[in-house]
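Asker: Using the hints, put the two chains back together into the complex; each one sits in its own frame.
Given next are the chains, with one letter for each unit.
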Amino acid sequence: MSEVPMPASPMPETPMLEVADLRAGYGEAEVLRGVSLTVGAGEIVAVLGANGVGKTTLNMTLSGVLKPWSGAIRFNGAEIGGAKPPAVVAAGLVHVPEGRKIFPNLSVRENLELGGYRVSKSGRDANLQRAFDTFPRLKERAGQYAGTLSGGEQQMLAIGRGLMSEPKLLILDEPSLGLSPLLVEEMFGLIASLARDGLPIMLVEQNVVQSLDLASRAYILENGEVAMQGEAAKLAADPELKRAYLGL
Amino acid sequence: MYSPLIVAEALLNGLMLGAVYALVALGLTLVYGVLHIVNFAHGAFLTVAMFGVWLAWSQLGMDPYLSMILIVPAMAALGYAAQRWIIGPASRGADNSILLVTLGLSIIIQNGLLALFSSDTRTIDTDYAFQVVELGPLLLSFPRVVGLGAALVTAVVLWVILNRTDVGRAIRAVAREKLGASLVGIDVGHIYAVTFAIGSACLGVAAALLMPVFYVEPNTGAAFVLVAFTIVVLGGMGSVVGALVGGLLIGVVESASSLWFGDSLGQIGIFLIFIAVLLIRPTGLFGARQ
Ligand SMILES: Nc1ncnc2c1ncn2[C@@H]1O[C@H](COP(=O)(O)OP(=O)(O)OP(=O)(O)O)[C@@H](O)[C@H]1O
Ligand SMILES: [Mg+2]
Numbered sequence: 001m002s003e004v005p006m007p008a009s010p011m012p013e014t015p016m017l018e019v020a021d022l023r024a025g026y027g028e029a030e031v032l033r034g035v036s037l038t039v040g041a042g043e044i045v046a047v048l049g050a051n052g053v054g055k056t057t058l059n060m061t062l063s064g065v066l067k068p069w070s071g072a073i074r075f076n077g078a079e080i081g082g083a084k085p086p087a088v089v090a091a092g093l094v095h096v097p098e099g100r101k102i103f104p105n106l107s108v109r110e111n112l113e114l115g116g117y118r119v120s121k122s123g124r125d126a127n128l129q130r131a132f133d134t135f136p137r138l139k140e141r142a143g144q145y146a147g148t149l150s151g152g153e154q155q156m157l158a159i160g161r162g163l164m165s166e167p168k169l170l171i172l173d174e175p176s177l178g179l180s181p182l183l184v185e186e187m188f189g190l191i192a193s194l195a196r197d198g199l200p201i202m203l204v205e206q207n208v209v210q211s212l213d214l215a216s217r218a219y220i221l222e223n224g225e226v227a228m229q230g231e232a233a234k235l236a237a238d239p240e241l242k243r244a245y246l247g248l
Numbered sequence: 001m002y003s004p005l006i007v008a009e010a011l012l013n014g015l016m017l018g019a020v021y022a023l024v025a026l027g028l029t030l031v032y033g034v035l036h037i038v039n040f041a042h043g044a045f046l047t048v049a050m051f052g053v054w055l056a057w058s059q060l061g062m063d064p065y066l067s068m069i070l071i072v073p074a075m076a077a078l079g080y081a082a083q084r085w086i087i088g089p090a091s092r093g094a095d096n097s098i099l100l101v102t103l104g105l106s107i108i109i110q111n112g113l114l115a116l117f118s119s120d121t122r123t124i125d126t127d128y129a130f131q132v133v134e135l136g137p138l139l140l141s142f143p144r145v146v147g148l149g150a151a152l153v154t155a156v157v158l159w160v161i162l163n164r165t166d167v168g169r170a171i172r173a174v175a176r177e178k179l180g181a182s183l184v185g186i187d188v189g190h191i192y193a194v195t196f197a198i199g200s201a202c203l204g205v206a207a208a209l210l211m212p213v214f215y216v217e218p219n220t221g222a223a224f225v226l227v228a229f230t231i232v233v234l235g236g237m238g239s240v241v242g243a244l245v246g247g248l249l250i251g252v253v254e255s256a257s258s259l260w261f262g263d264s265l266g267q268i269g270i271f272l273i274f275i276a277v278l279l280i281r282p283t284g285l286f287g288a289r290q
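Protein chains in written order, with the working numbering: chain G, 1 to 248; chain R, 1 to 290.
Here chain R stands alone, though its shape is the one from the complex (with noise of 0.2 Å):
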């Protein structure tokens, strides 16, 4: 058995991880709360995030933390062009155009990425890479601690947007009853292109946080999106709560179960939770009844 001390450790290292998936997940799930699809180009843009972070540092010497104040809202804009100028118009509202859109949108993306950078690994070197943050006996690793932060504050942020702004509580509204929506004048347009854009920028913030500890190469994203995925069906199809509850809870997992079973199996526990939960609550841990 390992002493308790390694097992505090992993279990709030992984809480932290579990901060970044939840970043992703939040996306995910804004978007589909919405406009009731899936957006298959989300691992794609995460890519690009990650590239912009590394682009930053590797040409401009930026630290990738402070490097959010650019990527953040270059994502945002990514997000509302994609989806109000590409999404939007090439599927005409029918909902599994949208779906194949956005697949083709996330190819195009990673083959354009594929063409710029091939399809060598990036990484940045930081001098905190490696910090650890003594907290009482517990030793955490310094980005993680920025990680769970800033995910934490990136959730706060989104929650005054949906409930104390004009813009958030259209959101909400055109998330179930678009014609109510229009009828009072919001631009529905506008808003399913905004949704794109917040769910964008969290990933603009996710990628800051990743590229310290992780690399870059054109398929990174689409493995993240997995895992978010699944927290996204684990926390609620559309929940933002779930998302955030749903990611602390698997990297808490993910890290546990690569603690027990050693780090190849470590995803082994996502699935087995994620079966788990499904099993008893199939509209996930926060998802409507019906």
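Okay, chain G solo, but in the shape it has when bound (with noise of 0.2 Å):
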């Protein structure tokens, strides 16, 4: 993997997304217990913890469809807490859900034509061809049901989807989860090459290592909370991380 260069400050000086002190939950069970972090432009940082912690309700509050109890969301300089998903979407922070949520009735191509639900005609055309070079067998596939495909090719269809979402920056899921270990190396390679050119992720895995390899940055969540953050390379060296990370 070639070393990102790292800018002068970890931080960029205002970053694309930054989350405040945000709760949320469900019912009357907080999950999330005031959890603050930043992504920058051009930054992949990554989202780690145990099973539990909150992650997904991280990524359900910050795209709309769970409401936060208290906190701030700011995206690309305006206030989205609170917005509806169809509003975040249209400010161009897009999640990729974990276990994909692609639309198994509908053919590959129309999965990717709702990706573009809230962007114009033109765009979508556009975004299509694009989508189809990144991922030359859903090409293959367009006009396959998307609940026929593989595992693997269902993963590229929801990234693909996102893609064609028009973000500005992406955030994924545990994107490699029931990969096989050559598709997970090809998977990470892949928001490499995203990241590369110019779109800013937020990763959320349980693959620490391989996460914090490509990550610039990393926050470490347990039991709703910031454990541990800072500069990927640091944290993989820091023994503190197993306790954290295995709850030891």
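It should be emphasised that the hints constitute simulated quantities derived from the structure, not laboratory data. Honestly, I wouldn't trust all of these hints.
[Claimed, not checked] Taking CB as the label site, the calculated pair distances span:
no., chain 1, residue 1, chain 2, residue 2, range
1, G, Leu177, R, Leu272, 44 to 54 Å
2, R, Leu114, G, Asn51, 55 to 65 Å
3, G, Gly178, R, Gly189, 28 to 38 Å
Ideal Cβ placement from N, Cα and C applies to all residues, glycine included.
Answerer: Have a look at this one:
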């Protein structure tokens, strides 16, 4: 993996995404207990943590599916906390969910087209070409029902669909889940190339080693709070990581 | 035995009756397929649409077929508003609450109609109600020919909407994957309401086709919806093609069984077929196999 040149300060002046003291949960149960983090332009930021610490809940709150209880979400200079998903997508914050959530009863092409639901028709056609260039396999299967794709192809489709929404920042929730080691390698390569093309990425993962290798910075969540944060390379070397991550 | 000509006429007329059933079933199955609930207010909406056609005729002197240009958009608006601002908010996303809310809505509508129009039956007189169309040696009822034609056109329009437009793709996406739909920026509440609007618009077409040959009183819709529900289950819950084919089939069966068993027993054939199909294919003719 090629070294990503570090900016002089690890955090750019005005981050693309700035989450401050975010609290959210389901019904009475609080899951996020005051999470703060930032993602800067051009960065890959990893968000790691054991099962059930609230990573997916964080993503759902950022994308407007869950209403924040308190705290602030600033994206691209605007407050989007409490905004509904259509507005969040239109603003360019795009979330590729855990478990893909593609439309199994629609063709691959239709899945991609719906990714551009909030994009003008002309932009959509160009984006579709680009998505097919990025994922030639999806082009081969354009007419096939998405539900008949293999797990790896479905993950490609989910990301392709996300790219069709013209993201300014992409949230990926466990993109390597259920992929064979070879495909995981390919997936991380893809993420690196998206970031190289200038797309900031918030990468939520269980795959700690590879994620820290790829990301410039990382946050470790523990029980709904940020337990550790910092430059990915430093965190990777920190013995405390094992304790926080494995809950030892 | 009946002459083959009479049997053929009965079957063809049945096909046309079935077309109207299919329209009523289309709305029901569409809403079921997307929201996964049975809309108990569907029958009351049909009654409203039929009264609408009757009012357009009695107050404005509009031909019942022509009144579609008024009734269909009005029903679409009613369906949209009912889901977006009454059924949706009142049920807060819980499926069993939606059932109860639609049931409550149907009771309110029925009693509202009773208060407005009393329980008298209303009919529309047209000079074509008893006209026949000659097709070779066959004599076909004119309103039923119109019914079949209009139902087929509606089915084609529906197919185009569902398969060739953004809104249609969004409807099919929401039917299977709500979260995924939200995350591409689809407003799920809006799509729910649009689905109701389309289902109600189909009722508007059905009402306009029915009024020249049928009557309306505040309970009329309920009887049709019972048959329509049979069709939805028969065709496969949520299947648009199933509703169409099931509707036509049920119309033919009803027509054939009234020929052989007499008018009052016409509907017995429906339920015999219904039971037979479900014994062989519990998911219905076009239902998804598990
Ligand atoms: N829809 C829900 N209703 C109620 N509680 C939920 C819901 N979804 C998640 N939770 C709870 O919230 C907590 C955090 O779950 P979340 O899915 O955010 O974890 P996660 O960090 O993404 O875990 P994983 O790595 O397994 O995906 C868990 O205790 C979970 O049981
Ligand atoms: Mg998760």
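Asker: Find the hints from earlier in the document that the structure breaks and name them by number, from lowest to highest.
Answerer: none
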